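What follows is the residue order along each chain.
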Amino acid sequence: MRLRALLAIAFGALSIAAASDPAERLPDPAQEARAREIFRDVRCLVCQNESIDDSEAELAKDLRALVREQVAAGKSEGEVKQFLTQRYGEFVLLTPSFNAWNLALWIGPFVVVLAGIALLLMRLRARGPEPELSEEETRRLKKIADPETR
Amino acid sequence: MIAEAGSFALILALALSVAQVGLSATARWKRSAVLAGAGEGAALAAFLSVAVAFAALMHAFVTSDFSVANVAANSHSEKPLLYRVAGTWGSHEGSMLLWCLALTGFGAAAAGLGRGLPRGLRAVTVATQGLLGVVFLAYTVFASNPLARLTQVPIEGRSLNPLLQDPALAVHPPFLYAGYVGMSVVFSFAVAALVEGRVDAAWARWVRPWTLAAWSFLTVGIMLGSFWAYYELGWGGWWFWDPVENASFMPWLIAAALLHSAVVTEKRGALPGWTVFLALAGFTFSMLGAFLVRSGVLTSVHAFAVDPTRGVLLLMILGVTAGLGFALFAWRAPSLPQGGVFAPVSRESALVLNNILLTAATATVLLGTLFPLIREAATGEAISVGPPYFNLTFTPLMTALMILLPVGPLLAWKRGDAMGSGRRLWWAFAAAVAIGWVVFAAIAPRHGLGAAGVAMGAWLIAGALAEIIERVRLFRAPGRESWRRLWGLPRGAWGMTLAHLGLGVFVLGAVFEVTWKVEAAEALPVGGSLDVGAYHVTLERIDGVEGPNYEAERGLVSVTKDGQPVCTAQPERRLYPAGGQTTSEVGLCYRGMSHIYLVLGERRDAAGQPVWLVRAYWNPWATLIFVGPLIMALGGLVSLSDRRLRLGVARKEAPKGAGA
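If you read the sequences in order, they're chains D and A. Each residue of the first sequence is one higher than the last, beginning at 1 in the numbering used here. Each residue of the second sequence is one higher than the last, beginning at 1 in the numbering used here.
It should be emphasised that the hints constitute simulated quantities derived from the structure, not laboratory data. One or more of the hints may lead you astray.
[As the list claims (entries may be wrong)] Capping the alpha-carbon separation at 27 angstroms, the derived lysine-lysine pairs in DSSO-like fashion look like this:
id, chain 1, residue 1, chain 2, residue 2
1, A, Lys517, D, Lys81
2, A, Lys561, A, Lys517
3, D, Lys61, D, Lys75
4, D, Lys61, A, Lys517
5, D, Lys61, D, Lys81
6, D, Lys143, A, Lys414
7, A, Lys414, D, Lys142
[What the hints assert, rightly or not] Far from chain D, by Cβ distances over 10 angstroms, these chain A residues were calculated:
id, residue
8, Ala5
9, Gly37
10, Gly237
11, Asp242
12, Ile317
13, Pro344
14, Thr359
15, Trp427
16, Asn549
17, Ala607
[As the list claims (entries may be wrong)] Now the stretches of chain A that chain D is said to cover, found in silico as 3 or more residues with beta-carbon under 8 angstroms:
id, stretch
18, 346–356
19, 386–399
20, 517–529
Since this is a predicted model, take the numbers as computed values, not measurements. Beta carbons are placed, not taken as given, at the ideal position from N, Cα and C, and that holds for glycine.
If we strip away everything but chain D, and leave its shape as in the complex, we get (with noise of 0.2 angstroms):
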């Protein structure tokens, strides 16, 4: 959070959903609404961690007017992340693509939570039933439980 604190200041302003400002709306309710979700995916190439709809900084405001322009003339969401990712590379998308490179990425939780079930399978089969008291137990069981023999 500190570092989110600094990056406002280092752009001299603290940002405030900048997407919203009015002064950069398109006309249609739609597709402004379309443009901020995939304003939500963009990050902002110069703020480390942040996305183009909170960021209040110059590149930020270019990129959305970017998304705007390319949603008011009709681009589906796909389309302009993929004008962007080829501008800018993979690098200016939030959600990382699922590819061979990232598959450790989306996979890893999971295998960690299979391999997990079966180390539990495992155990609770190799150990199987408890065994049965041997007759010698079962005879010393009941001496002490039997409250006449004590």
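Fit chain A to the known structure of chain D by using the hints.
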């Protein structure tokens, strides 16, 4: 003069920590009670020395002694007293001193409160804690001295980042560090258990109070940080999956997992190796957090990113300390006993599932935080891992955990009765589904996922209550019997119920806020207004305000609903001339558990008339997001006060074994 005394005390503390390691280790080797006592004395003395150094730094901040480099860089004579005090831990150097204070403080506490422990275990714990003290004190003394003097004394300091001048953030680091560093005692206990080859029910019971304390502090610390971000940054958000947040969240998740696995080890003697592993992992993640926040590896710009040399040093400390701990684990763990047997449907299995899911959640946060680094190192290509990734991975894992959560406590140890537990929980399940349905039908706009989330929160709360009802046999035993049982419940049981209930409260708040939040923004002249949700917001006035160390424009904003006045708020836009920064003070209107969140933006000109950018959010049930964690931390504290967990008592009661 006082600063020099502080520097001296810090060096003395380092020497005392070295003595602590030597004395306690020799005490273990020679089995000498006298040397062990001396080692514990050294631990206490080291803590007092660090406390003196800390007091000296605080004195320098309070009196604005700008001959101390750290004060000159981070303070200002016009700053209010609270923030001069808080400035002590506001910088890299000061926060490392706070870290050392907590580390030696926990060391002294472990030495002083460990009277019930076996001598060997206690001596090795004190020695390990001393070793951690040596490492971090040496780093502070040689690489980041907070009390270094300047040869040329400036007239005025450069001030603390104004965003950090806030009451919640002033007390946030002490809580956070108490949590981070509290895990060090658990780490030392784990090392001692491995050295002694003793991981049994008694050991698990000694580890629990320290974990509980650290986890509770961490919960409050993270909550305060999140609350600060919520009302100070002016985004209206409260969690950003920022690397710095993740750094504090990972030890929290591990501590939560450890709390549960330690119960299994304590009650059933099972999972000893895993519990020790988590005990080592907790402080490892704390150190990783300290490294990530200070090294600047993840972010090119950061408040604490001072210089790479320090980052490398911290990485070395992390590598050597954790490396030695886990090497010891690899060597000794195979000789640990395997522990009790349990059926697939049992409390043990439920707790193991809890641990699998919490560990996977930690792995997710770790992967999400570090993967961009790994990917860039491997392929030279930069990628971003943002909030959408965590929503797709972390959230399903937590959902699975929360579906299972209410079932676990109702299962018996060893072999549970799934049908029986189902019968006791059916009403909780029915209530949750009904609440979810009502929310789906009644709240506009309709939102299926949101309604499901609300049902989940209700399920957690009802499940926590069902557990208490089951314990007191409400409606099944005579009323007086239930009443007697209610009063007889151990504090630990109340603690668990509160913690689980708090999670449910948090989920309700988070789901409501995220799903049904409304945003509106307009450029308003004085007298202009906008609508947010059912509320009508009017900018009544703009005043110029002169603060102690800032100048501000303060808006008077009135809120009405259906023509009836609701409240007024005063959002501000501040300029701090000392650093030339602008910040925003959010105006918050509390409506029950919901907030109307008002932000005053920059002044613009529209046709010769000044207008101000006003942003308003309707954040339904947002209070619960912060109350939930407080209830969880309260649960931790209540559990901590359980008689069985007190160290001295544990020994006296040990032969009787643990009652559920």
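Cross-check of the supplied hints:
no.: 1; hint: A:Lys517 to D:Lys81; verdict: holds (26 angstroms)
no.: 2; hint: A:Lys561 to A:Lys517; verdict: holds (17 angstroms)
no.: 3; hint: D:Lys61 to D:Lys75; verdict: holds (19 angstroms)
no.: 4; hint: D:Lys61 to A:Lys517; verdict: holds (24 angstroms)
no.: 5; hint: D:Lys61 to D:Lys81; verdict: holds (17 angstroms)
no.: 6; hint: D:Lys143 to A:Lys414; verdict: holds (25 angstroms)
no.: 7; hint: A:Lys414 to D:Lys142; verdict: holds (23 angstroms)
no.: 8; hint: Ala5; verdict: holds (31 angstroms)
no.: 9; hint: Gly37; verdict: holds (42 angstroms)
no.: 10; hint: Gly237; verdict: violated (8 angstroms)
no.: 11; hint: Asp242; verdict: violated (5 angstroms)
no.: 12; hint: Ile317; verdict: holds (21 angstroms)
no.: 13; hint: Pro344; verdict: violated (5 angstroms)
no.: 14; hint: Thr359; verdict: violated (6 angstroms)
no.: 15; hint: Trp427; verdict: holds (30 angstroms)
no.: 16; hint: Asn549; verdict: holds (15 angstroms)
no.: 17; hint: Ala607; verdict: holds (13 angstroms)
no.: 18; hint: 346–356; verdict: holds (count 5)
no.: 19; hint: 386–399; verdict: holds (count 8)
no.: 20; hint: 517–529; verdict: holds (count 5)
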